[in-house]
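Student: Read off the chains here:
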Amino acid sequence: MARMKFLCDAERCIECNSCVVACKNENDVPWGVNRRRVVVLNDGVPGEKSISVACMHCTDAPCAAVCPVDCFYTTDEGIVLHDKDLCIGCGYCFYACPFGAPQYPEQEAFGVRGKMDKCTFCAGGPAKDNSDAEYAKYGSNRVAEGKLPICAEMCSTKALVAGDGDMVADIYRERVLKRGGRPQTWGWETAYGAQG
Amino acid sequence: MAKQQNTKSRHAKIILWSLVVILLGATLLPLTGYIYVGVTSASAQTAGDENPRANYWRAVREGGEGYVASQGPYTTNTLIQNGGQNWRQIRNGPVSNYTPWLLAAVIGAILLFHLFKGKVKLSEPRSGKTVERWSMGERTLHWYTAILFIILAITGLSMLFGRVVLIPLLGPQGFAAWASVAMLAHNYLGPFFAVGILIEIIWWIRYNLPTAVDLTWFAQGGGILSSKHAHPPAGRMNGGEKLWFWIICTFGVAVCVTGIILNFPNFEQTRETMQIASIIHAVTAIIWTAVAIGHIWIGTLGTEGSLEGMTSGRVSEEWAKQHHSQWYEEVKGVKKS
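The listed protein sequences derive, respectively, from chains Y and U.
Here the numbering used here is used: the first residue of the first sequence is 10, the next is one more, and so on.
Here the numbering used here is used: the first residue of the second sequence is 21, the next is one more, and so on.
In isolation and in its complexed conformation, chain Y is listed as follows (with noise of 0.2 Å):
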């Protein structure tokens, strides 16, 4: 069985936040509400690095280990989703998670939670597949349909990268081998091959 991976190549990243749109759109988020951010580091100095980043559905993942009701499941290909009807939006996955992907939207006044809404790496939820209930709650299921995340399936420069983890890491090690040197190979440039 496949085990779903993310991988954002740093060196491709452009921060056009197409995937951050492509997302919003496929899974109808609301306003306020980010299940995937790029964040851009050393912003506006030489060396300026981006990075698209969600939900990475960690293996032993801290959101799932601190939860009070227990809402949270990994299904067979290795996707870390969560029950919206038993979740209480008490925040507790927030603090654990390394990466700030639970996203709640505030509904009343004092910051009060609403259910926890994240990426679901466009495998829906636990309702039955591809229902209306489904797509109200967690959005599209594009899995169920034998797709992978709209996020990475838009990615202009294929910076983002999603799919059964064996292959995704082939494509990555052919493009460092391509690149000339290890990944952390210093340079724009380098990402797209000959120099120049």
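The hints are simulated quantities; they were obtained by calculation from the structure and are not laboratory data.
Careful, some of the hints might be misleading.
[As the list claims (entries may be wrong)] So the derived label-pair ranges between C-beta atoms look like this:
| # | chain 1 | residue 1 | chain 2 | residue 2 | range |
| --- | --- | --- | --- | --- | --- |
| 1 | U | Tyr-56 | Y | Gly-174 | 44 to 50 Å |
| 2 | U | Ile-222 | Y | Ser-140 | 56 to 62 Å |
| 3 | U | Ser-61 | Y | Val-30 | 47 to 53 Å |
| 4 | U | Pro-120 | Y | Thr-83 | 26 to 32 Å |
| 5 | Y | Ala-118 | U | Ile-267 | 32 to 38 Å |
| 6 | U | Leu-122 | Y | Lys-137 | 41 to 47 Å |
| 7 | Y | Ser-140 | U | Gln-105 | 32 to 38 Å |
| 8 | Y | Val-30 | U | Ile-222 | 51 to 57 Å |
| 9 | Y | Asp-52 | U | Thr-52 | 49 to 55 Å |
| 10 | U | Val-184 | Y | Lys-187 | 47 to 53 Å |
| 11 | Y | Asp-52 | U | Thr-293 | 23 to 29 Å |
| 12 | U | Thr-320 | Y | Thr-83 | 47 to 53 Å |
| 13 | Y | Ala-118 | U | Arg-334 | 43 to 49 Å |
| 14 | U | Thr-293 | Y | Ala-118 | 19 to 25 Å |
In this text, a Cβ means the ideal position worked out from N, Cα and C, and glycines have one as well.
Assemble chain U onto chain Y, guided by the hints.
Tutor: Coordinates of chain U only, in the frame set by chain Y:
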């Protein structure tokens, strides 16, 4: 003869120079190590002895911040925050594993004490005469915080231990329904409780300042451990009640302050602040609950004649004489004059 002398002096020269070479070599050659180190470190520096890319990503791994175009209350500009893993390990580790034993130990100790020592009874029969101990305002405040405390304790414990204890009993759906009610009750009632605690502290601090009598009270274990139930003297508040008051002033205040930090995430406090607040809140609240169980037992089943002070406001004169001799004399003295 001359040739022989010549040979001799040549030998002496050779020996002398050999000694000089050996001495110099023995002292100087080991020092060449410094030259080797100097040369190699200089060449390493020119090659760049650290990988700038590795340092770049190390900074990210250690929680470095960047720029994010997306906006939202939970959209952060940190790529990796490390506090969460510590919080998870402390909460799911020591906090969850050790604090239940504290509660169990307190309940066990009370049960054993109640079974073997029993209730502290009035030493004299009731004469029917009573004195006022708690005013209407004080009693209202006490029961206001008492009821809120019990609700908050039950709902709070459900949030920490419900997953282990209640999901097997209620099922995932059943527990989720209870947990959402419990969380709302905890979050909405918490601030009202904190106000009650603040008023209690301000109202009752003047009766709870430590005095010399408290030392003898504690030295005699409050009279509860002695077989004759001989009671040490005490004013309106005895040493034990004062201790309970100061636990509220320290642990109670810590619980209220951290609770408010957690309850209002709209003041831009960081995740780190909330992680620390969460751990302090859980630990101090459970210690407070453990002491409160003792307080409830002493006030109800543990001591004859105590509860009526907090329900009707009046206690029997015999109870006052037995437990608060100095206060009883004061009250009587005031009445006489």
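Student: A separate judgement is required for each hint: does it hold in the structure or not?
Tutor: Structure-based check of each hint:
no.	hint	result
1	U:Tyr-56 x Y:Gly-174: 44 to 50 Å	holds, 47 Å
2	U:Ile-222 x Y:Ser-140: 56 to 62 Å	holds, 57 Å
3	U:Ser-61 x Y:Val-30: 47 to 53 Å	holds, 51 Å
4	U:Pro-120 x Y:Thr-83: 26 to 32 Å	holds, 28 Å
5	Y:Ala-118 x U:Ile-267: 32 to 38 Å	holds, 33 Å
6	U:Leu-122 x Y:Lys-137: 41 to 47 Å	holds, 46 Å
7	Y:Ser-140 x U:Gln-105: 32 to 38 Å	holds, 36 Å
8	Y:Val-30 x U:Ile-222: 51 to 57 Å	holds, 55 Å
9	Y:Asp-52 x U:Thr-52: 49 to 55 Å	holds, 50 Å
10	U:Val-184 x Y:Lys-187: 47 to 53 Å	holds, 51 Å
11	Y:Asp-52 x U:Thr-293: 23 to 29 Å	holds, 25 Å
12	U:Thr-320 x Y:Thr-83: 47 to 53 Å	holds, 48 Å
13	Y:Ala-118 x U:Arg-334: 43 to 49 Å	holds, 44 Å
14	U:Thr-293 x Y:Ala-118: 19 to 25 Å	holds, 21 Å
Going through the hint list in order, the structure satisfies each hint without exception.
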